[in-house]
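The listed protein sequences derive, respectively, from chains A and B.
Sequential numbering of the first sequence, starting at 1, is according to this note's numbering.
Sequential numbering of the second sequence, starting at 1001, is according to this note's numbering.
Just so you know, the hints here were simulated from the structure itself, not pulled from any lab data.
There could be a bad hint or two in this list.
Claimed, not checked - Listing some non-contacts, in silico: residues in chain A with all C-beta distances to chain B over 12 Å: (1) Arg40; (2) Leu59; (3) Val68; (4) Arg73.
As the list claims (entries may be wrong) - Covered stretches of chain B (chain A as the covering partner; in silico rule of three or more C-beta atoms under 8 Å from a C-beta of chain A): (5) 1091-1100; (6) 1207-1221; (7) 1359-1368; (8) 1557-1571.
What the hints assert, rightly or not - Chain A is faced by these chain B residues, among others (derived, beta-carbon under 8 Å): (9) Ile1064; (10) Ile1196; (11) Arg1356.
Here a beta-carbon is modelled for each residue, glycine too, at the ideal position from N, C-alpha and C.
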Amino acid sequence: MAEGTGRGEMLSIWFFVGGLTLLYGLVLLPYGAWEWLAHREAPTVLNQLHPTFWWGLLLTLFGGFYTVRFRPRTGDINKT
Amino acid sequence: MNLDIALIASMTLMNRQLTHLAPIDILILALYFVLVIFIGFYVKGSTNTSEEFFLAGREMTAWIAGLSFVSANLGSLELMGWAGAAYQYGMLAMHWYWIGAIPAMLFLGVVMMPFYYISKTHSVPGYLQLRFGEGSRGLSAISFGFMTILMSGVNMYSMALVMKVVLGWNISFSIWVGAVTVAVYVMLGGLRSAIINEVLQFVLIWAGAALIPILGLVEAGGWVNLKAQIAQNVGSSDYTHLWTTLGHFRDNPMGVHWTGIVFGLGFVISFGYWTTDFLVVQRVLSANNLRAAKMAPIIGAAFKMAVPLIVIVPGLLALAVLKNPDGSILHLVGENAVNAQHPYSYNEVLPLMLIRYCGPGLLGLGITALIAGFMSGMAGNVSAFSTVWTYDIYGAFINKRASDKHYVSMGRWSTVVGMLISIGTAYLVANAASIMDYVQALFSFFIAPLFGTVVLGMLWKGATRAGGFWGLLAGTVSSIGMWLYTTYGGAAALSRIALSVDARPMAENLYRALWSWIICVVVTVAVSYCTEATPVAKLSGLVYGATTLPDDGAEGLWQKPTFWAVVVIVIFFILNIVFF
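With these hints in hand, go ahead and build the complete structure from the sequences.
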């Protein structure tokens, strides 16, 4: 059984969690890197800490781990 | 609960826009909507039976059921409302997350869940039918259905208002986009789809909001410096204590007393909501075995205990770090006092803090988290409504002998119809803000007495069918009566219900719940002694003392739900002492 979806389905709910956070990380990380390197940080408080870059990196690592760990594998179907 | 009303009222009065989304923010928002709809279509194939549609096939793990359990409650309205309350009242707001939730969630897991689970009931009204008969079931099902559909509409309207104030979006656009999205994924995938999305939403809320306390504490120079700055800015150190100001009603800005917090909130309201409100209990009923059903609320409690970090801490931070352009402290005010000099109300704390620290990209993530929170609130209401309507109203009183396929079909249609009624309610609320007072009042009318009925039913063999019905009715009617009395009776009435002339409306809520629970229990006991007792053989599987509880399969200390409940309650006490 794919955990959290249903019998006969390949994708685990943790895969969805990982996929969404990975996607967000992959959007935020390069944008944050560009802001940092091009000195185009938004005028927010503590922008000198480059929160978009670091948060994007964290989401990429978190999402990447969950995506790989819970990726669909052969034999998941109907496994109980 | 009344904080939600204040939030909406203040939003209604505002006619400006705090920020706007950049293309990267819109991309983040769009990705979320695409995934949510995809999940609905993806799980549709495994929601063919009523058990699958309404209870997610009872195959969720403890972690999934537990996260969904918390997420269904974690609407953005609640997040924003309590962040505002933390700014206004300080750490007293924390009580609604700790004593107002944790003990009740643990009690549900350890004591009550075995009865809900082994009775194989599909709903809380369904349990009442098994224990007290059709009358109690009908009363609770109709009141619950009415309440949830109204709450769904309020959620919808609130989301639309937040989007209007924060981003300048059109009200109708927000209402229809949110409603159609939720209707599609709940109609297609039922509770299974709702649960998957709620787990996603829970993660998203943290991903979108956790940066605020992190960067805020960096800016404030840590917790100790934050406390010192708050004490200096507001002229009192009371804002960062949980219990020290609760010795008398007049000693704290909420106008409450510790007895109201402990007994009214911590016992009646909290236990009533977390153990008998089907919106949250339904998530736990989806667990794949008894141990998972017991563990889910315990896991939920652990996460619930952490939520103040992203709700209460931002409110407290705002007291220290929000400043005007000239460097003076920015004072947020009540919704009635918003003017050119004080343009922001308490309830805008969370968006203001989000905008303070989050530029393009992160802002989109934060806004997506808020929208996800609103949608989880809507989905929770509409999926619970569809279940109670189909099982406890339609299936119990209108069409008792239909096929399973027919009931699944009814579940899908009632989701759509429920959502359409909710949209109507949302527009009704838009045109008559006072309706929300009544919606909130409805909530309190039914939850406190329902807890009295359910807990007596589960723990006392002597409670009879007539006792359960009349106790529930008396508790509900007395709660409505007290509400009318204090609404039209003014300060004198309030002081009688809440036992002090210094009591404020928040205290009235707490004591009204306590009185209605006591009335329910007294009437249930009295009527039970006057009516014929139910044979013990008929109570098997429903009542403590008449049931041999099955082994939950836990092997060793680490698998025992009771052990983890003790761990959570010990941490709960430590936190209360640390922030005393």
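A quick look at each hint next to the structure:
1. Arg40: 10 Å, violated
2. Leu59: 6 Å, violated
3. Val68: 17 Å, holds
4. Arg73: Consistent with the label, Arg73(A) stays out of reach of chain B, its closest Cβ about 17 Å off (over 12 Å).
5. 1091-1100: violated (count 0)
6. 1207-1221: The restraint on the stretch 1207-1221 of chain B holds, since 5 of its residues have a Cβ under 8 Å from chain A and three suffice.
7. 1359-1368: Held - the stretch 1359-1368 of chain B has 5 residues with a Cβ nearer than 8 Å to chain A, which meets the minimum of three.
8. 1557-1571: violated (count 0)
9. Ile1064: 5 Å, holds
10. Ile1196: 5 Å, holds
11. Arg1356: 5 Å, holds
Violated hints, in rising order: 1, 2, 5 and 8; the structure is consistent with all others.
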